[in-house]
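*Asks:* Protein chains in written order, with numbering that gives the first Met the number 0: chain A, 0 to 382; chain B, 0 to 382; chain C, 0 to 382; chain D, 0 to 382.
Heads up, a few of these hints could be off.
Unchecked claim - Some residues of chain C that are not near chain A, with every Cβ distance over 10 Å (derived):
(1) I17
(2) R43
(3) K218
(4) K292
(5) S375
Claimed, not checked - Using 25 Å as the maximum straight-line C-alpha spacing, the simulated BS3-like pairs for lysine-lysine come out as follows:
(6) D/K219 / A/K343
(7) C/K219 / D/K50
(8) C/K44 / B/K61
Source of the hints: derived by calculation from the structure; they are not laboratory data. Ideal Cβ placement from N, Cα and C applies to all residues, glycine included.
4 protein chains.
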Amino acid sequence: MKRKIRMGMVGGGQGAFIGEVHRIAARMDGYIELVCGAFSSNPRKSKAAGKALFLDPKRVYKNYEEMMTKESQLPADERMDFVSIVTPNHVHFQPAKLALEHGFHVVCDKPVTFTLKQAEELKKLTSKKRKLFAVTHNYTGYPMVKEAKAMIAAGAIGKIRRAVVEYPQGWLSTRLEASGQKQATWRTDPKKSGKAGCMGDIGTHAENLLEYVTGLKIKKLCADLNTFVKGRALDDDGAILLELEQKAKAILFASQIAVGEENNIRLRVYGEKGGLDWSQQEPNTLLVRWLDKPAEIRRTGVGVQHSTTQHAIRIPAGHPEGFLEAFANIYKNFALALNDINEKNKPNPLHLDFPTIKDGVRGMRFIDKVIESGKSKVKWTRF
Amino acid sequence: MKRKIRMGMVGGGQGAFIGEVHRIAARMDGYIELVCGAFSSNPRKSKAAGKALFLDPKRVYKNYEEMMTKESQLPADERMDFVSIVTPNHVHFQPAKLALEHGFHVVCDKPVTFTLKQAEELKKLTSKKRKLFAVTHNYTGYPMVKEAKAMIAAGAIGKIRRAVVEYPQGWLSTRLEASGQKQATWRTDPKKSGKAGCMGDIGTHAENLLEYVTGLKIKKLCADLNTFVKGRALDDDGAILLELEQKAKAILFASQIAVGEENNIRLRVYGEKGGLDWSQQEPNTLLVRWLDKPAEIRRTGVGVQHSTTQHAIRIPAGHPEGFLEAFANIYKNFALALNDINEKNKPNPLHLDFPTIKDGVRGMRFIDKVIESGKSKVKWTRF
Amino acid sequence: MKRKIRMGMVGGGQGAFIGEVHRIAARMDGYIELVCGAFSSNPRKSKAAGKALFLDPKRVYKNYEEMMTKESQLPADERMDFVSIVTPNHVHFQPAKLALEHGFHVVCDKPVTFTLKQAEELKKLTSKKRKLFAVTHNYTGYPMVKEAKAMIAAGAIGKIRRAVVEYPQGWLSTRLEASGQKQATWRTDPKKSGKAGCMGDIGTHAENLLEYVTGLKIKKLCADLNTFVKGRALDDDGAILLELEQKAKAILFASQIAVGEENNIRLRVYGEKGGLDWSQQEPNTLLVRWLDKPAEIRRTGVGVQHSTTQHAIRIPAGHPEGFLEAFANIYKNFALALNDINEKNKPNPLHLDFPTIKDGVRGMRFIDKVIESGKSKVKWTRF
Amino acid sequence: MKRKIRMGMVGGGQGAFIGEVHRIAARMDGYIELVCGAFSSNPRKSKAAGKALFLDPKRVYKNYEEMMTKESQLPADERMDFVSIVTPNHVHFQPAKLALEHGFHVVCDKPVTFTLKQAEELKKLTSKKRKLFAVTHNYTGYPMVKEAKAMIAAGAIGKIRRAVVEYPQGWLSTRLEASGQKQATWRTDPKKSGKAGCMGDIGTHAENLLEYVTGLKIKKLCADLNTFVKGRALDDDGAILLELEQKAKAILFASQIAVGEENNIRLRVYGEKGGLDWSQQEPNTLLVRWLDKPAEIRRTGVGVQHSTTQHAIRIPAGHPEGFLEAFANIYKNFALALNDINEKNKPNPLHLDFPTIKDGVRGMRFIDKVIESGKSKVKWTRF
């Protein structure tokens, strides 16, 4: 790599949660440099955030429109390479579209847009502009998730029959949004969050993890959505039966009223010959069960067999890596792939192992279909 | 207790799995004495089994009809008090009916009968004859399951919103029945097992555990049943969405093709104030999660607060008790309740804490409704 | 087996903890029948206990001396085969000696005597009288402990280098004996417990488990004993460095002031090729670590390879067995070995898999040496 | 913070393991900028490493002597603030001394020097020069380790009686150094590693963790050191009995031949009222046991009560943080404290929560005393 990749940021001002997560992830491997930002819709707040990040004040912008225009006028060896969008859901589409139109690559938080239609438009535009577009479905960044995917792709557990993916949280068990808590407020507001609450916020993560690891697409589903907390406009819990390709079956459970649960996203996949069990609670472990021999504990420290997994590990020998490292694996691969492009190389397939706008579109379709099925009296809704 | 309770057994000859489990359970606390049996439909095998159990050869019968007749002719201070039925499903109803008609109490394995109608008939007969009828839904015998039930009944976790009960097994991942393995053969045979395979064999346990602990009845359900192993006649896997009383929602997952899983029955219940998590893998632990304080590890050794739980523990201070002790808790309470009756006392409510024919009827209805819903194109089937 | 083995009991009256554990263990497999007892030094209490156990009042004795005399005068097909001694430590030697002298086999709780000399005397007498003498070091009764022993004996993990055995409890963290609590009172009283407190009560279990599984004897040790609770006469905590045969090294840690710990006995053994890890917390699991492949989870349900282990399992397929089943494995094997003798057969080696008076002697020597080392200023004390 | 803190690095060229760990840790929070380095004793390798890190070639030095001289001649607003030393043990002292003499602050890997005398010299020099000197005993950087320390300091578990700290690894179970593996080679070479092998490499981490969390200093110890792998010059395993201040007792176990263990550093502390249990395997959990109520699972997501802990957490709500985040907490606090100094403020006590040269000296004394005790025939060696 001859130079660092240059990042601009939309959103992520002071007090934001996910913005700093993106920045830590972008910093971790030293491949990316934050060069500019429009950190808030409030220009003063944007300036303050930029200062705290030691940015050149000239490159801290009033809004993302200004950022796109001004950055695109800078010399090629100075202007940002890509923009990272870390705003609430309803402010994803416009800056992403503008970025692509101005020739910038994009990293965007999930769900990728407010509506499915917007996502499809971005997908077309990305393709037309020949840009990279990453969506931060970060759970697929964990090394042992990649190992699970690689094992399945290699046929280690045979044809898949049954999967169970779950993401229980408890933080919305009470009407937290009534207190004005920032994260709760926009996530439960249909104008900012979109059609779905829990299913958009964490259900899409579960959906992405399921499809990523199994390599199978959802074909139809049957959703039971609930709003348990009185006065809340969107779903805060749901259970879904799914049929995947190849007649595999799955359960997807996501809840934000599962009292006391933190972020216990877990995936189990059972094939004809073996079963895999991964949980974020101890993310460096992949439990592998077999038909007629003892279960194995594969760890980042021992038992990793696939190159995509090795590529995702920073510390050997079983020192635990966590959420931030998994998140950073998206940025790392995104930067490496951008560098391949900068250096006129065909991107290394290892570098392209990050969720893209295609995953973003599937996530939006998932939200649409879950809501449709939730209202339907018919058992199965085609995906 | 002035004398031991006298037990006769139907089924459980040599090579049977569950028969010896029942006998160990009946022996454990020293309240029950096996006095007679019709251990096999083959009289020679029945005799051999009786001999190995040190029984008086005169009380080892050719068949259960003979046993009922002859035992009922013995003097009151000699004849059996109750019969324990441990045959395959299709041989539950007749001996149970005959036992009741001859004035004997009954313990019967689950599912309690072959058809719902039979179960309802037994329920009426039990009531008419004023007998005790226990069904060995043994998982409710675990002390920490009882603690969970008692906590919920006392309002500790508030109004219930969401439950997840699962029972994954892997032993039928291949077509084991083709090898002639005894347990697999009858369980996958519609003529012996009944309408359902996996859902009858272990789904009913999950259903019973769910209703026992939550205290809520199933109101409607949406089932997705599968037969993954080719050539198998009955379901070997299924996922069910449920609505319980008080608008609580649940997921029930049972599978016999979850490769590598042993008997990982687990129940999670989330209320408005707290959540409970119990798993047979470490049955002496009940994980209790709270809205805003650390999760607690309640153990048989420390943290038990309810008398039904204390009554179900044999060894204090955290020595692990297991499956057999839980199973024995049904026999123990059954014997203690019978003794209460023998001694003309009103049964102590602690002693009546075992699953009865009412649970048996619900199990049979569950099977009926799951099969009905599995075939239905409509989302919800009323229970 | 032509008849049940007949057991008499010394101690274990109402309110006793370990007496009922022994009785459950003796009952579990149906091989043993309790026929007589001297349950208390108080004849009235002995009678009451016998009545509650449905014994023939004629065979409930005033004291053990009477029991030995009277039972030995009964016809051979009626009198007890063996005596089970479940009194506090200082009342083990006399009844055991008397039993052997009257021709009875013996099961005795641990530590086997009050002094090492007594234990050696019993060993000689047992040998001279050609009787069976089991000592209830019950933790070696767990199936997966037997699997660990068998794996090591078969060379699966190579030459042993390092072991760590620990038994933390917390129940004596305060001066419980001051409250008159029965279990605490005699265990902390040098006149009843012997030279050692914690090390005699649970340290000997750890020592027995270590030697049983590794197959290596202790050669020398270096003990640091502590009495943390003021006013207590005996040790309530201790840590010991050990050298075993073949220059293997070990740590033994036992404590009764490890607040909040229940009975977390755990053993780890590391050889040149692999490592084993067993813990009573989840006793049906044996974790097996390897030099360069993933760790394995061997379970009673899957992965058991040795006949001694299979012989110790009652329920297949991963239903958890617990403390009582492990305890019962001593009684089961003892009864089967007695039956071999009764039937004039050479005892099956599988049946002789229980701790004997030899283990009892080693336990007493352990106590002696630990106390000696604890007082010594020299690092190593020869065993 | 007005500007980033500027770091120079000694060691950490391509192929090094720990150098990149330090860089990731330094990068993570965006407070530190790598500005210069002498990455290898081979100037060409140093240049190559600097280039890969996008450094100004002028500030990639041939050796650390040149770096100290040239950097100290740069203008104050340009030259490095501190040096990070990530070389093998025998190359810690000289660059650290030189750095201090040239007025630079220091971060140094552990053990801090080759001999105790060198460490004491650095301690004096640090004090004389009034510089910050951090030693990367990184395990104390974990949030829940800080919570444990804070709980003990606040008296939550009462007076400490017993601690057990262990650090089993298995990677040196065979003679890996014979293969030329870089990490193994220098660590087992007395000329590079120092007096101790295992005890210097990981024993010192265990010692530091023990003293940090308990707040108690070691007073005396009794060590049993072993070299299990033939042909190895230094210890590869050891067990130590310790007495801490206030008559507390501890066991320290460290091994590099514990086959199959990764980096299972774990600490348990038992006080008069409660017990704490932390393990790197799941570092975001602190198990808290109590005298007479259920154990609690305190998590970074819920149950944290102390400001030092909160300050060490980057992502709320239970997303797992790992080894790199813990490591980065040393750099983060070091940078914040440097910034306090730069801005002429008294350093915030929260910022001074990192291991210093004092910890480094204790680590070197630990090595000396462990070796002394290992050779002694007397039980206790004063610390």
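*Asks:* Determine for every hint whether it applies to the structure shown.
*Replies:* Against the structure, the hints come out as follows:
no., hint, in the structure
1, I17, "holds (34 Å)"
2, R43, "holds (53 Å)"
3, K218, "holds (33 Å)"
4, K292, "violated (7 Å)"
5, S375, "holds (39 Å)"
6, D/K219 / A/K343, "violated (64 Å)"
7, C/K219 / D/K50, "violated (58 Å)"
8, C/K44 / B/K61, "violated (44 Å)"
Taken one by one, the earlier hints fail for this structure at numbers 4, 6, 7, 8, listed in ascending order.
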